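**Student:** Protein chains in written order, with the working numbering: chain A, 1 to 388; chain B, 389 to 723; chain C, 724 to 948.
Think of the hints as simulated: they come from the structure by calculation, not from any bench.
Bear in mind the structure is a predicted one, so any value in this text is a computation, not a measurement.
Incorrect hints may have been included.
As the list claims (entries may be wrong) - Under the rule of at most 27 Å between Cα atoms (straight-line distance), these lysine-lysine pairs were calculated in the DSS-like manner: (1) Lys223(A) <-> Lys549(B); (2) Lys438(B) <-> Lys3(A); (3) Lys223(A) <-> Lys79(A); (4) Lys862(C) <-> Lys280(A); (5) Lys438(B) <-> Lys788(C); (6) Lys521(B) <-> Lys798(C); (7) Lys846(C) <-> Lys280(A); (8) Lys794(C) <-> Lys521(B); (9) Lys234(A) <-> Lys549(B); (10) Lys279(A) <-> Lys862(C).
What the hints assert, rightly or not - Example chain C residues on the side facing chain A (calculated, C-beta under 10 Å, incomplete): (11) Ser776; (12) Glu801; (13) Asn805; (14) Leu806; (15) Phe816; (16) Glu829; (17) Thr838; (18) Gly839; (19) Gly841.
Unchecked claim - Computed from the model, here is a short list of chain C residues facing chain A with C-beta under 7 Å: (20) Asn782; (21) Arg802; (22) Arg809; (23) Asn820; (24) Ile822; (25) Tyr836; (26) Pro837; (27) Asp893.
Note that the Cβ used here is the ideal one computed from N, Cα and C, for glycine as well.
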Amino acid sequence: MGKHIKILEFALSSLWRRKYKNLGIIMVFTLIVMTLSSILLLTYSFKREAFAILKGAPELIIQKIRAGRHDFIPLSYTKKIREVPGVGKVIPRLWGYYYDISTGGNYTVLGTFRGIKNSINVLKGKFIRHGESGVCVIGKGISQARFAEIGDRIPIKGADGKFHSFRIKGIFGADSNIITNDLIIINPEDFKSLFGIENNIFTDIVVQVYNPSEINNVAARIKALFPDTRPITKKEILRTYDTLFDWRSGLVLTMFAGALLAFVILAWDKATAMNAEEKKEIGILKAIGWETSDIMELKFWEGFVISSLSFLTGLIGGYIHIFFFGASIFSPALKGWSVIYPDFHLMPYINPYQIAVLLFLTVIPYMAATIVPSWKASITDPDVIMRG
Amino acid sequence: MILHPGIIALLTGALIEVALLIYSSYIGLVIIMRWNANSSTEEQLSLERKTYLVSTIMSFVLAFSILSTLLFIYTVDGMHRLFTGAMCATGSLNANPVGWYALYMKISIFFLASIWIAVNYIDQRTEDSPLVKKKFILLLCITPFLFSDIYLQFRYFLGLKPNIITSCCGSLFSKEGGGMAGGLSGLPTHPMEYIFFSSIFIYVFIACVSLFSSKGFIKYLTGLMAIVLFIISLASIISFISLYFYEIPTHHCPFDILQGHYNYIGYPLYISLFGGTVFGILTGVGEGLKKSRLLTIQINNLQRKWTITSIALITIFALICIYPMIFSSFTLEGY
Amino acid sequence: MNTIIKTENVTKVLNRGRPNEVRPVRDVSMEISKGETVVLKGPSGSGKTSLLSLVGCMNRPTSGKIIVKGKDVAKLPERFLNLIRRNTFGFIFQQLNLINGISVKENIMLPLYPTGSGFPELKKRAENIMDKLGITHRKHFPVQGLSGGEQQRVAIARALINNPDIILADEPTAHLDTKLSGDLINIMKLLKEEGKTIVIATHDPLIYERDFIDRMIEMRDGKII
Ligand SMILES: Nc1ncnc2c1ncn2[C@@H]1O[C@H](COP(=O)(O)OP(=O)(O)OP(=O)(O)O)[C@@H](O)[C@H]1O
Ligand SMILES: [Mg+2]
Numbered sequence: 001m002g003k004h005i006k007i008l009e010f011a012l013s014s015l016w017r018r019k020y021k022n023l024g025i026i027m028v029f030t031l032i033v034m035t036l037s038s039i040l041l042l043t044y045s046f047k048r049e050a051f052a053i054l055k056g057a058p059e060l061i062i063q064k065i066r067a068g069r070h071d072f073i074p075l076s077y078t079k080k081i082r083e084v085p086g087v088g089k090v091i092p093r094l095w096g097y098y099y100d101i102s103t104g105g106n107y108t109v110l111g112t113f114r115g116i117k118n119s120i121n122v123l124k125g126k127f128i129r130h131g132e133s134g135v136c137v138i139g140k141g142i143s144q145a146r147f148a149e150i151g152d153r154i155p156i157k158g159a160d161g162k163f164h165s166f167r168i169k170g171i172f173g174a175d176s177n178i179i180t181n182d183l184i185i186i187n188p189e190d191f192k193s194l195f196g197i198e199n200n201i202f203t204d205i206v207v208q209v210y211n212p213s214e215i216n217n218v219a220a221r222i223k224a225l226f227p228d229t230r231p232i233t234k235k236e237i238l239r240t241y242d243t244l245f246d247w248r249s250g251l252v253l254t255m256f257a258g259a260l261l262a263f264v265i266l267a268w269d270k271a272t273a274m275n276a277e278e279k280k281e282i283g284i285l286k287a288i289g290w291e292t293s294d295i296m297e298l299k300f301w302e303g304f305v306i307s308s309l310s311f312l313t314g315l316i317g318g319y320i321h322i323f324f325f326g327a328s329i330f331s332p333a334l335k336g337w338s339v340i341y342p343d344f345h346l347m348p349y350i351n352p353y354q355i356a357v358l359l360f361l362t363v364i365p366y367m368a369a370t371i372v373p374s375w376k377a378s379i380t381d382p383d384v385i386m387r388g
Numbered sequence: 389m390i391l392h393p394g395i396i397a398l399l400t401g402a403l404i405e406v407a408l409l410i411y412s413s414y415i416g417l418v419i420i421m422r423w424n425a426n427s428s429t430e431e432q433l434s435l436e437r438k439t440y441l442v443s444t445i446m447s448f449v450l451a452f453s454i455l456s457t458l459l460f461i462y463t464v465d466g467m468h469r470l471f472t473g474a475m476c477a478t479g480s481l482n483a484n485p486v487g488w489y490a491l492y493m494k495i496s497i498f499f500l501a502s503i504w505i506a507v508n509y510i511d512q513r514t515e516d517s518p519l520v521k522k523k524f525i526l527l528l529c530i531t532p533f534l535f536s537d538i539y540l541q542f543r544y545f546l547g548l549k550p551n552i553i554t555s556c557c558g559s560l561f562s563k564e565g566g567g568m569a570g571g572l573s574g575l576p577t578h579p580m581e582y583i584f585f586s587s588i589f590i591y592v593f594i595a596c597v598s599l600f601s602s603k604g605f606i607k608y609l610t611g612l613m614a615i616v617l618f619i620i621s622l623a624s625i626i627s628f629i630s631l632y633f634y635e636i637p638t639h640h641c642p643f644d645i646l647q648g649h650y651n652y653i654g655y656p657l658y659i660s661l662f663g664g665t666v667f668g669i670l671t672g673v674g675e676g677l678k679k680s681r682l683l684t685i686q687i688n689n690l691q692r693k694w695t696i697t698s699i700a701l702i703t704i705f706a707l708i709c710i711y712p713m714i715f716s717s718f719t720l721e722g723y
Numbered sequence: 724m725n726t727i728i729k730t731e732n733v734t735k736v737l738n739r740g741r742p743n744e745v746r747p748v749r750d751v752s753m754e755i756s757k758g759e760t761v762v763l764k765g766p767s768g769s770g771k772t773s774l775l776s777l778v779g780c781m782n783r784p785t786s787g788k789i790i791v792k793g794k795d796v797a798k799l800p801e802r803f804l805n806l807i808r809r810n811t812f813g814f815i816f817q818q819l820n821l822i823n824g825i826s827v828k829e830n831i832m833l834p835l836y837p838t839g840s841g842f843p844e845l846k847k848r849a850e851n852i853m854d855k856l857g858i859t860h861r862k863h864f865p866v867q868g869l870s871g872g873e874q875q876r877v878a879i880a881r882a883l884i885n886n887p888d889i890i891l892a893d894e895p896t897a898h899l900d901t902k903l904s905g906d907l908i909n910i911m912k913l914l915k916e917e918g919k920t921i922v923i924a925t926h927d928p929l930i931y932e933r934d935f936i937d938r939m940i941e942m943r944d945g946k947i948i
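The shape of chain A in the complex, shown without the other chains (with noise of 0.2 Å):
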């Protein structure tokens, strides 16, 4: 025991006696363990938001399809879908999305009068009511893309190409915003005469299943009621999603595949050269009784402290950049993610999962790349340094 600790304590004063040579290597090695933790920790702090957003989504949804597209569906399919054995309530929905040109943003416009899961309570001012016409309650983002307070009037551009004008009755204020970020919701009736939607027909379905084990079941008989209907069920969203997130990081993740490669190759390269000073060091040490695999043990720490040392403030460094910057330095490249807006703060997540992965990534072929090395480096003959 006392004996690693000593080799310890000089695998970390020799370190430090060529501190300028390895801080090239710790600076490079900090780069990559930053960059590739930003991708992992923005991956999944999207993909927690998602499922987070999802989590009061209903099991099951039921679109209309007409030539291979989302079609407004008809409320005569809600009797019919009511009578399926196992069905609860069957609700119609009336949602879109509106393009405000003043803003550049895209908005998503709910008409209902009835609150929102788990939302409603982060909810500034009131909402709005059945048969209240004119009034709107809006989310956190549009509040301040357009400067908007509880009280002033919001102008929407109709399928008439005139604007309607909303009074402002309510405001989300959630932390993790996501959900209700760029949310307008107006009541039903506002909603038809905005877009110019005929009576009786609804955006889509929800259908609540009694047994959570019958959905797959009950969506199958809505299939074969109505060949025109596409069921969704929350599982299968839910699948789309984690196949995709871990798609995107996983795709990212590989187009960094060379810049790691080089990383291997200048961990080897520096590992291999050393200048005159070290190999006299190792051909002192083994003179004086050190032995070949108290070399590698040395050389073991060195990597081992600077892996480390390296991981962890990369780390720290893509937790910071990730958490408290809005990944600032990749949102050029984040325009692609169409469900994130402009500001967004995402909740500070991390897993040991994520760090284990990111220790496979880095620290283990970095140690693989220094074997070699070390081990040329311990079998200096020990009487070298008798030879000047």
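Add chains B and C with the ligands to chain A, keeping to what the hints say.
**Tutor:** Positioned in the frame of chain A, the structure of chains B and C with the ligands alone reads:
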């Protein structure tokens, strides 16, 4: 299915490991052919020095096999949502049974690498390096395992088709489920408890006897019993031990106990079981290596320590298993 | 007579079979008794350093026997050679070979790091030796700042920390002026009084003409004459 961060990590690691091991095997082959302890040539010296490299690589392989087993289980666990019916790692493994073989392979590598390191340890502490050829033949035997490991992992991850309807611990590890795993959890709990505790008792007894006896066969028996106990213990974890930790009579998952939700109790549980088994097996393996006087002296010393460590670890393992049975209100009466 | 080192027909061949084959040591048989102080004398290239490193378990001979304290070390694997070297020999080299950037005390304790002895033990030994050699007041100084004489003492202290029975010195005065050489010789005498066996390879008359030398072994072309 390959572009998952965890899978990329696992396969990267496995490729590195295989590359290192191919190199070691090459060294091993040269050593087996050219080793001559009586020669003072420079070639002999360089071969001697290469054994250091190989032993470092094997330590790396051992450490890696432990880490990669954990990462594998976690990755597989995180993927369960992709498969209809899967609720934990067990479900994902069932989605493509090759995954189970990959896991068995990893466990075998762990045991083999530990044995190699022990043999190397003995060899390096004996002046005439009597076990050199043996240990490098063993090394050459380990290499195919690593190849299989990486091959099976590829096969498993490539073969995963999301949306496969799989059975999970609920159904698969339940009495109705078929296959070996189903059979394990279907084992009647009470007899299984008796078998488990009596085999622990028998093992500890035999190991204690072997401490005081100089008879070879009892040491071999200790090694053999360690393997038997290992298998019985895994079966028991699935059959009833896990149930006490989960406090759900139908949840037979051997992996969920590794999660924070169950206070990571799986780690001490498996560490003590695997450790106890390794040292038990070593007691037997060591006996088989007592081929010369010097070796016998070396091994006698170590064997004692190994056996004591094994007894201690298995006792800890047993205590961890017993703990919830005594202190939790959950009972298996009637299941 | 109490033999501590004995060689029988020791030969070292380097690069065997190649055009640059050399035989620095040829068929050397000799005996050194416990407590003896011996000088290995010979012209440059005669094989003194090579013989010293064979006897000191730095490497293995191509053939022959080397018996150190009754044990044949000629065929031992490196790690056992190292063990014997660490427990039996103290080396004083031609160059000082100190590690720059670390303190006097650390340099002196360095050989004991891999032995696993506890820190208090290391400290006690290092302090004893520093006292004996009069460098205690410099113990926290980085070695590169010391005077030549002080550095010399540090190197000797490092050779003595494992309390060796045999001290091997290879041209210890080659880089020293007359005064420092005199100091070194005084230390050697002290060690001789303590009963250590000393083997010095040198062609410096300053050493081999002193009366504390018991015996001279002369070498030429790798052979003892
Ligand atoms: N590693 C080596 N490679 C090639 N030649 C060597 C090697 N080691 C020693 N020799 C040769 O062996 C011979 C003996 O060398 P050695 O250093 O033992 O002599 P020495 O008596 O110590 O000389 P000096 O007084 O110059 O130190 C020399 O000719 C030297 O060139
Ligand atoms: Mg010389």
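**Student:** Checked against the structure, which of the hints given earlier come out wrong?
**Tutor:** Going through the list in order, the structure violates no hint and respects every one.
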